[in-house]
Each structure stands twice: as structure tokens, then as C-alpha cells.
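Put together the whole structure using the sequences plus the hints.
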Amino acid sequence: ETGVTQTPRHLVMGMTNKKSLKCEQHLGHNAMYWYKQSAKKPLELMFVYNFKEQTENNSVPSRFSPECPNSSHLFLHLHTLQPEDSALYLCASSQDFGQGFNQPQHFGDGTRLSIL
Amino acid sequence: RKEVEQDPGPFNVPEGATVAFNCTYSNSASQSFFWYRQDCRKEPKLLMSVYSSGNEDGRFTAQLNRASQYISLLIRDSKLSDSATYLCVVTLYSSASKIIFGSGTRLSIRP
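Residue numbers (our numbering), protein chains in the order written: chain A, 1 to 116; chain B, 1 to 111.
Listed next, the in silico BS3-like pairs over lysine-lysine satisfying Cα-Cα at most 27 Å (straight line): (1) B:Lys45 x A:Lys40; (2) A:Lys22 x B:Lys98; (3) A:Lys19 x B:Lys42; (4) A:Lys41 x B:Lys45; (5) A:Lys40 x B:Lys98; (6) B:Lys98 x B:Lys45; (7) B:Lys42 x B:Lys2.
Hints listed in this document are in silico derivations from the structure and should not be mistaken for laboratory results. Since the model is a prediction, treat every value here as computed from it, not as a measurement.
Structure (C-alpha cells):
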């Protein structure tokens, strides 16, 4: 059981498609994150939202576009992706994100994305 | 040099053994440290935070050595269910905040 729910679990799309990944957390947290996990590579932090404001964008290509309409929901809009974008995309949440950040993050099950 | 480095393993040890692995980090200003556990094809889950004074949770002991810039995880009396990948996580909050995951150490406990 997880308090962070991601949909869809699997997604196959062509390079010209537009799709969105969805994340919802039921933990009352104020910070949400997108991570990318590629095979044989560590998790890479992509975006951080704290109280609905984007605080971090770790040099992510513009073909990935996040949206955080409220503290409980986070989206990742995808368009014109490349084959190297195939990976597991994980959403996480924590109480908040700030100076001296020392909180646990709760992860969703992830969306396994394959780009044809 | 990677910001966070872990021995990828795999560590293959018998049930009941004690196993330890380290994680080194490059930025001396790093502020908080964690061990997460990730089972195959599952999401990471927090195992324990790592405090300066060291901390213990049952069979698990975590330590932080700021002078040498590493954290460690010790697992005593290992169980089959401890088989997983253990991820070291280091955070740094500054003008460019970072949450950095290590590549993980694979642990396999054999009967």
C-alpha cells in the first residue's frame, strides 16, 4: 500500500505523441517530486514542487513539462520524446522541502515508459 | 568523481551473517543522509535516516562520518527478506538544492 498513486503503470508511446503522467498523494504533504530511473543508473531528480511552486528544475529538457495544480496532484506532460527517455518515472512526496531538508520521501510505484 | 558513490555489489551472504556497506559523498556541505531500500521492480522505501551520532533500528545500524565523508549501513543477523538494493541518499539545500541518490548496492541473502 502506498499513499502515492501513479497512473498509468505502463505507457508505450511514439516519439510524436503527447501524453501525461499523473501522480496523486494522500498523505497531506506539501512537496512533490519527479524522478527518472534508467537501467543501471541512479535515480535522477527532475523537478521539485514545494507548496505548488516549482523550486527545482535539474536541467531537464523542455520536452518534459511538469504541472502542479494543487499540493496533492502532480503531472508530467510529455511531447516529442526520444528513445533515451524510456525509463521508470517515479513520483514522490514529503512533508515539505526546504533548508535543512531531512524528511523521508514516499514514492509511488512509478510509470514505466517506453518510447518507440 | 561521482557525487555519491556506492559499491554496486552484489553482496552474496548466508542467512544470519552480518554485512556492511559504505557510501561516500563528495560535497562536504551535504546536510542530510538516508538509506533507502528498493526491491526488484518496486519503488524505493525509506529504511532509515542517518544521524551524526549514529542510529540503530533493530538489526540495522547507520553511521555518519563527516570527516571522511561517508555513511555506512550494518545489517546484523541477515534475513532472506533483506535481499534488495540499498540506496544511499544525500541532500544538500542551497542555491542549487540537490537530492542525490547513489546507484545502489545489491544484497542477496542465501539460505
